[in-house]
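Visitor: So the chains spell out like this:
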Amino acid sequence: SQQGEEDPQALSIQEGENATMNCSYKTSINNLQWYRQNSGRGLVHLILIRSNEREKHSGRLRVTLDTSKKSSSLLITASRAADTASYFCVPTSGTYKYIFGTGTRLKVLA
Amino acid sequence: GAVVSQHPSWVICKSGTSVKIECRSLDFQATTMFWYRQFPKQSLMLMATSNEGSKATYEQGVEKDKFLINHASLTLSTLTVTSAHPEDSSFYICSASDSQRPNQPQHFGDGTRLSIL
Chain H
1027 SQQGEEDPQA LSIQEGENAT MNCSYKTSIN NLQWYRQNSG RGLVHLILIR
1077 SNEREKHSGR LRVTLDTSKK SSSLLITASR AADTASYFCV PTSGTYKYIF
1127 GTGTRLKVLA
Chain B
24 GAVVSQHPSW VICKSGTSVK IECRSLDFQA TTMFWYRQFP KQSLMLMATS
74 NEGSKATYEQ GVEKDKFLIN HASLTLSTLT VTSAHPEDSS FYICSASDSQ
124 RPNQPQHFGD GTRLSIL
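Line order of the protein sequences matches chains H and B.
If you want the numbering used here, it's the position in the first sequence, counting the first as 1, plus 1026.
If you want the numbering used here, it's the position in the second sequence, counting the first as 1, plus 23.
Bear in mind the hints are in silico, worked out from the structure with no lab data behind them.
Keep in mind that the hints are not guaranteed to be accurate.
[As the list claims (entries may be wrong)] Now the stretches of chain H that chain B is said to cover, found in silico as 3 or more residues with beta-carbon under 8 Å:
hint, stretch
1, 1042-1049
2, 1070-1081
[Claimed, not checked] Listed next, the stretches of chain B that the computed footprint assigns to chain H, with coverage defined by at least 3 CB atoms under 8 Å from CB atoms of chain H:
hint, stretch
3, 43-52
4, 65-71
5, 129-140
No residue lacks a Cβ here, since even glycine has one placed at the ideal position from N, Cα and C.
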């Protein structure tokens, strides 16, 4: 397994704005997942995108994957205060071990 | 949806005592579970992989005698922090992989905040 690197480390936006965070990784993957962690809580799975997919949507979430650039992005549209959390990307390639990066800390201001 | 229950959610104890944390998969079987440790405002660090019916696999630098892992059934893994000291204070999180759906995302518990006085 490999670690994804999220960017930016921190992001502060106004409620209603869109939030974009990026993820880069180093070697080929089977799929890439995004997780959310609210302060003091466990992780919630948001979305999984497979290596042969380029874009995926789930509600207000849009994830893109560019395997040629080894990068992914997570877009949250019309953000809400409840979206305030840390977001982690997890690139996976055939093993069950997840290695977490430092994440993007998103703060949505009401 | 798949649920992982972690208990207790919060524990405070005196230095020198041992603390057991439970991780249960409520509606699926998990031959593999994972234990993570997280310091404030930092990322999750994988401590060990818990394998049902066999010994856990520890990550480099994690003391297996300090952090005892038992995975005696397909729905329960336990982490025991032995002779805990203040430096063991941390947020511990478990996750589980559905044995019937190994390619699906892991499911995480809500974490246990451990404070050693």
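Visitor: Next step is simple, just say for each hint if it's right about the structure.
Guide: Tested hints:
1. 1042-1049: Violated - the stretch 1042-1049 of chain H has 0 residues with a Cβ nearer than 8 Å to chain B, which falls short of three.
2. 1070-1081: holds (count 3)
3. 43-52: violated (count 0)
4. 65-71: Since three or more residues must qualify, the claim that chain H covers the stretch 65-71 of chain B holds, with 5 doing so at under 8 Å.
5. 129-140: Check passed, 7 qualifying residues.
Violated hints for the displayed structure, listed by number in ascending order: 1, 3.
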